[in-house]
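Visitor: Below are the chains, spelled out letter by letter.
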Amino acid sequence: MKKVLLLALLLSLVSSVFAAEYTFYIVSHGGPGDPFWGVVMKGMQDAADLLSKGTGDTIKATYLGPAVYSVTELVNMLNSAIAARPQGIVCTITDPAALDEPLRRAISLGIPVIAINVPDPRPAGERIPYLFYVGGDEYLSGIKAAEKMLAVKKPARAVVFIHEVGHAGLELRAKGFIEVMTAAGIPAEKLAIGTAPTQAVDIIRGYFAKHPETDAIFTLGPIGTLPTVTFLKEQGLAGKVMLGCFDLDEVTLKAIKDGIALFTVTQQQYLQGYLPIVWLYLYNKYGFLPANDILTGPGFVDGSNIEKVEQLIKQGYW
Amino acid sequence: MESPPRFLHDVAVWLRQHPEIGAFVGLLIVFVGFSLTATRFLTSDSLASILTVAAELGIVSAGITFLMISGEFDLSVGSVLGVAAMVFALTAKAGWPLFLGWIFALLASAGIGFLNGFITVRTGIPSFITTLGTMMFWRGILLAVTGGFPVSYFPSRTPTMFFVLNGCFAGQFRTSALWFLGIIFLLNVILVRTRYGNAVYATGGNRDAARVLGVATDKVKLVNFIISALLAGLAGCIQFARFLSVDPMRGQGLELEAIAAAVIGGTLLTGGAGNLIGTLFGVLLVGMVRSGLVQAGAPAYWYQAFVGVIVVVAVVVNTNLRRWALK
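For the record, the sequence lines run as chains A and B. Oh and the first sequence: position 23 is 23 in our numbering, straight run, nothing missing. Oh and the second sequence: position 254 is 254 in our numbering, straight run, nothing missing.
Heads up, a few of these hints could be off.
[As the list claims (entries may be wrong)] Think about it this way: if two alpha-carbon atoms lie no more than 27 Å apart in a straight line, the pair counts; the simulated DSS-like pairs of lysine-lysine are:
{"hint": "1", "chain 1": "A", "residue 1": "254", "chain 2": "A", "residue 2": "240"}
{"hint": "2", "chain 1": "A", "residue 1": "210", "chain 2": "A", "residue 2": "153"}
{"hint": "3", "chain 1": "B", "residue 1": "93", "chain 2": "A", "residue 2": "308"}
{"hint": "4", "chain 1": "A", "residue 1": "233", "chain 2": "A", "residue 2": "153"}
{"hint": "5", "chain 1": "A", "residue 1": "254", "chain 2": "A", "residue 2": "285"}
{"hint": "6", "chain 1": "A", "residue 1": "60", "chain 2": "A", "residue 2": "285"}
{"hint": "7", "chain 1": "A", "residue 1": "254", "chain 2": "B", "residue 2": "93"}
{"hint": "8", "chain 1": "B", "residue 1": "93", "chain 2": "A", "residue 2": "233"}
{"hint": "9", "chain 1": "A", "residue 1": "148", "chain 2": "A", "residue 2": "175"}
{"hint": "10", "chain 1": "A", "residue 1": "148", "chain 2": "A", "residue 2": "240"}
{"hint": "11", "chain 1": "A", "residue 1": "42", "chain 2": "A", "residue 2": "254"}
{"hint": "12", "chain 1": "A", "residue 1": "190", "chain 2": "A", "residue 2": "153"}
{"hint": "13", "chain 1": "A", "residue 1": "314", "chain 2": "A", "residue 2": "257"}
{"hint": "14", "chain 1": "A", "residue 1": "314", "chain 2": "B", "residue 2": "93"}
{"hint": "15", "chain 1": "B", "residue 1": "93", "chain 2": "A", "residue 2": "257"}
No wet-lab data here; the hints were simulated from the structure.
Based on the sequences and whatever the hints tell you, model everything.
Guide: What follows is the structure, given as structure tokens:
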């Protein structure tokens, strides 16, 4: 028994000489209690486990995120991650001004940095010189959503229901959608519906009274999808009006299954945890870098993959 | 000096007893305005639409009116609406009988109201502060429990309970409107025809005098805090019965709209005056502005601006009428 233990100890010593150890951090504005970020964390952990198992190296990945949204907390966490001198940091650039100094300091210390979820919106010369960005593209999401509808049918009139006017991300989605529709010669516009569902249904009903020919709707999140689906069902318009949604929640999934919604756009955030860990490892070990940013969205969930996605949501992948 | 003509005196007395008249005139003006500008305004669908929007707001506003007359304030109603809808959704999802879940959601709301009242009465801090705190607290709890995600419940067919709360009948009319009208009239009868109603006015009008007269002002306030939260909770359940899904931000911003409707209806921020009929007119005015603007084709953001103007104009008119009537 003693011999076996000794042998094991020896083996682990030997392997630790040859095997490298890598420490990576994901520092995010999203708290670990948030289901969205739970999926990112799972992606991160899966990548670290898989690499550790497959390569014999030890990959340690840690997720840091303030429980309640706070830029100060985010910066504090980033600073403690830098202090640990890891082999890589992955960060959401939620507040470029606040993150500029610490991230530039990390980069000058030779720590590779990858941006996820939210990029630095400034032009190439001014932005934080991180390696690349892994995440969704809001504007492209709107474009692809419109193209997906046009592939089914050319609508007579298209409308985007925006529940939070002035929200930069939502406005970009709407812009992409409206541009493609307008270019196809279809009257398309934005309608502010607010976040209160009863009032939203009333606003939608008013719009349809004025423009009864409307047959394509794009909603920008579950808060806008709920009153839209309710309206279509109550007015017997389900299936007669094309509906594209954003993000995954139970109402949206059910609407796709019931044939009320055509599709929903997702940013496949599992990949925003998984891919940066893989790339940081490849970069550290072999010096590989992708040529471009890596877009994880727009991804689509529709009738063709809904059953599978539903199962995978339960397992924490979507 | 000659005394004012008899009929002017009568008008003044009548005005003193009917602070809701300002809101009623406003309602008429807006009604005529939209009838001329929005083509589909004078239809039963349009009336149903106004009532539907007014109903949920009105149920919340009715409770707030009661509380405001007794001289207190409740900013937490939006959060309470969210909590009640969430409790209703979670119990339904957990397989509870809907009626039981509904009662439980209402009890939870009443509990929050009791807490608001207890803190305010016991510590003597302004209810503006108490309920500002509980508004933030319960919203935070909602976000923490759900992690920011909506909670949905999909029964295979619409349960009777949901129809009773917010079903569709006679075209586009909904049972929520019946709840709203029923509550308004019930509360108004309590307010103007019962001893308790007198106690509410006395509590808000002159606390010391009320105490001398033997009105248990603390108890009246506590009960009214509970009524306000209970009705906000009921509105939350009614909303859930239609949409079958609730997100943790549900009801946010509702508190100010509900207070605006009560104030437009002639209820004084300082307490002691007002009634539910005024709130009825105030809520209908707000609902009509919302529906009318949409039907007239105005972008939805105009609504807020419009209501803002109405609040100020209504209070200026109400205040001047009252001053004149009291002379």
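Visitor: Taking the numbered hints from earlier one at a time, note which ones the structure violates and give those numbers from smallest to largest.
Guide: 5
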